[in-house]
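**Student:** Listed below are the residues making up each chain.
Protein chains: 2
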Amino acid sequence: MSQVLTDQGTVALTAWVRLLRAHAAMARTFNAQLQAEHGMTINDFEALLLLSRAPDQQLKRVELSERIQLTPSGVTRLLDGLLEAGWVAKGECASDARVSYAVLTDAGRDKLAQASRTHTAAVAQLFTERFDDTELEALALLLGRLPGAAEADAGNCEVGAAD
Amino acid sequence: MSQVLTDQGTVALTAWVRLLRAHAAMARTFNAQLQAEHGMTINDFEALLLLSRAPDQQLKRVELSERIQLTPSGVTRLLDGLLEAGWVAKGECASDARVSYAVLTDAGRDKLAQASRTHTAAVAQLFTERFDDTELEALALLLGRLPGAAEADAGNCEVGAAD
DNA sequence: GCTAGTATTTTGCGTGCGCAACTAACGTAG
DNA sequence: CTACGTTAGTTGCGCACGCAAAATACTAGC
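Protein chains in written order, with the working numbering: chain A, 1 to 163; chain B, 164 to 326.
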């Protein structure tokens, strides 16, 4: 019963497995590179990038958690490292003593710029040598529909807060 | 200079970030599900799946390492768990005492079948409710060109060995 | 046979992160 | 203003895994 669905399921499984493997391979490579060249992990980089694009170079931990797809505890550990490195500072919220902001420091902006030079180039190279413009946009579009991916670049649809 | 390339780089970065986030979100979900329902991780499942598709339900650790995109040490730890659970047995190679095979046991096949029922359904559902046939195939095809993804389903292009 | 070089696997150590439980602070209801 | 539920963040614990170094076994040259 239902051969068509079975086949679609197989393709889905294939896509998932390939995403898993591609992630494992690329994450390992990029992590090693970032660690060797800049002493940071992929998520360190991503956090700095996210902060640099945020309104006042700052984000609530909860927001960071959603954007970077980490649990709250993961964010705590991540920021521990960034705070210690001096790339991020702890900001408090006047109206709500529970929330604390992660604020990008000058050192952090500097470090990000520095790391960006090699890292984004490496990423760009890896993708552009495998895909042309059309394919790349198609890939980005398709990936954007997966869970977690949409929240990633939702850097400009939030308002309010800070009351 | 090179605005076009810059833009292409941006798209590449976006694709990469989305892949990262999608992986984080989906891996977290599926891991929790597999753990709760079957007491295994995604990689446990993937290893069993790979073994079940291998010629004699067995694979050299090195091969498994390449297919599943884990370092050799990762494979050792992974198989430690599978051996202890009784889903995989240790096979020796007559011609080369260095290599040891991971052999899928009956219990392992059983467990895989059991886990497959819920897990592949969950994966299939997640993908098919977001993509139609054409998109799904396009996604799988594009992902297949990324590093590590090609090796994933190279289950039938190897010969020889076992001499 | 003995030594050098390479391939396979394991182990010590460190790290990143999820889960569950906890604390602290806010909001609302009485 | 006390009580309860909710939200933000932290911490103890455990696990998965990478790296580097080791042990073992194969291979080649002498």
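Honestly, the hints are just simulated from the structure, not real lab data.
Quick caveat, the model's predicted, so the values are computed rather than measured.
Heads up, a few of these hints could be off.
To be verified - Among chain A residues calculated to face chain B with C-beta under 10 Å, some are: (1) 13; (2) 25; (3) 26; (4) 34; (5) 93; (6) 99; (7) 103; (8) 127; (9) 135.
What the hints assert, rightly or not - Ranges of calculated distance between the beta carbons of each label pair, as one might list FRET restraints: (10) B/296 / A/72: 36 to 46 Å; (11) B/218 / A/134: 31 to 41 Å; (12) A/62 / B/261: 42 to 52 Å; (13) A/133 / B/254: 41 to 51 Å; (14) B/194 / A/150: 50 to 60 Å; (15) B/295 / A/137: 11 to 21 Å.
Even for Gly, the Cβ is constructed at its ideal location relative to N, Cα and C.
**Student:** Answer holds if the nearest beta-carbon of chain B is closer than 10 Å to that of residue 34 of chain A; otherwise answer violated.
**Tutor:** Residue 34 of chain A check fails; min Cβ-Cβ to chain B is 13 Å, beyond 10 Å.
**Student:** With 10 Å as the cut and Cβ atoms as the points, is residue 93 of chain A at the interface with chain B?
**Tutor:** 26 Å, violated
**Student:** Mind checking the CB of residue 99 of chain A against every CB in chain B and telling me if the closest is under 10 Å?
**Tutor:** 23 Å, violated
**Student:** Quick one: are residue 194 of chain B and residue 150 of chain A within 50 to 60 Å, going by C-beta?
**Tutor:** 21 Å, violated
**Student:** Lying within 42 to 52 Å: is that true of the beta-carbon distance residue 62 of chain A to residue 261 of chain B?
**Tutor:** 51 Å, holds
**Student:** Please check whether residue 135 of chain A passes as an interface residue: C-beta within 10 Å of a C-beta belonging to chain B.
**Tutor:** Residue 135 of chain A check passes; min Cβ-Cβ to chain B is 6 Å, inside 10 Å.
**Student:** For the range 36 to 46 Å, tell me whether the beta carbons of residue 296 of chain B and residue 72 of chain A fit it or not.
**Tutor:** With a Cβ separation near 38 Å, residue 296 of chain B and residue 72 of chain A satisfy 36 to 46 Å, so the hint holds.
**Student:** Using 10 Å as the Cβ threshold, decide whether residue 26 of chain A counts as touching chain B.
**Tutor:** 6 Å, holds
**Student:** Quick check: does the Cβ-Cβ distance between residue 133 of chain A and residue 254 of chain B fall within 41 to 51 Å?
**Tutor:** Holds, since residue 133 of chain A and residue 254 of chain B (Cβ atoms, about 48 Å apart) stay within the stated range.
**Student:** Residue 218 of chain B and residue 134 of chain A, beta-carbon distance inside 31 to 41 Å?
**Tutor:** 39 Å, holds
**Student:** How about residue 25 of chain A: closest beta carbon in chain B under 10 Å, or not?
**Tutor:** 3 Å, holds
**Student:** Should the hint that residue 127 of chain A touches chain B count as held when the rule is a Cβ pair under 10 Å?
**Tutor:** Result: holds, 4 Å to nearest chain B Cβ.
Going through the hint list in order, the structure does not satisfy hints 4, 5, 6, 7, 14.
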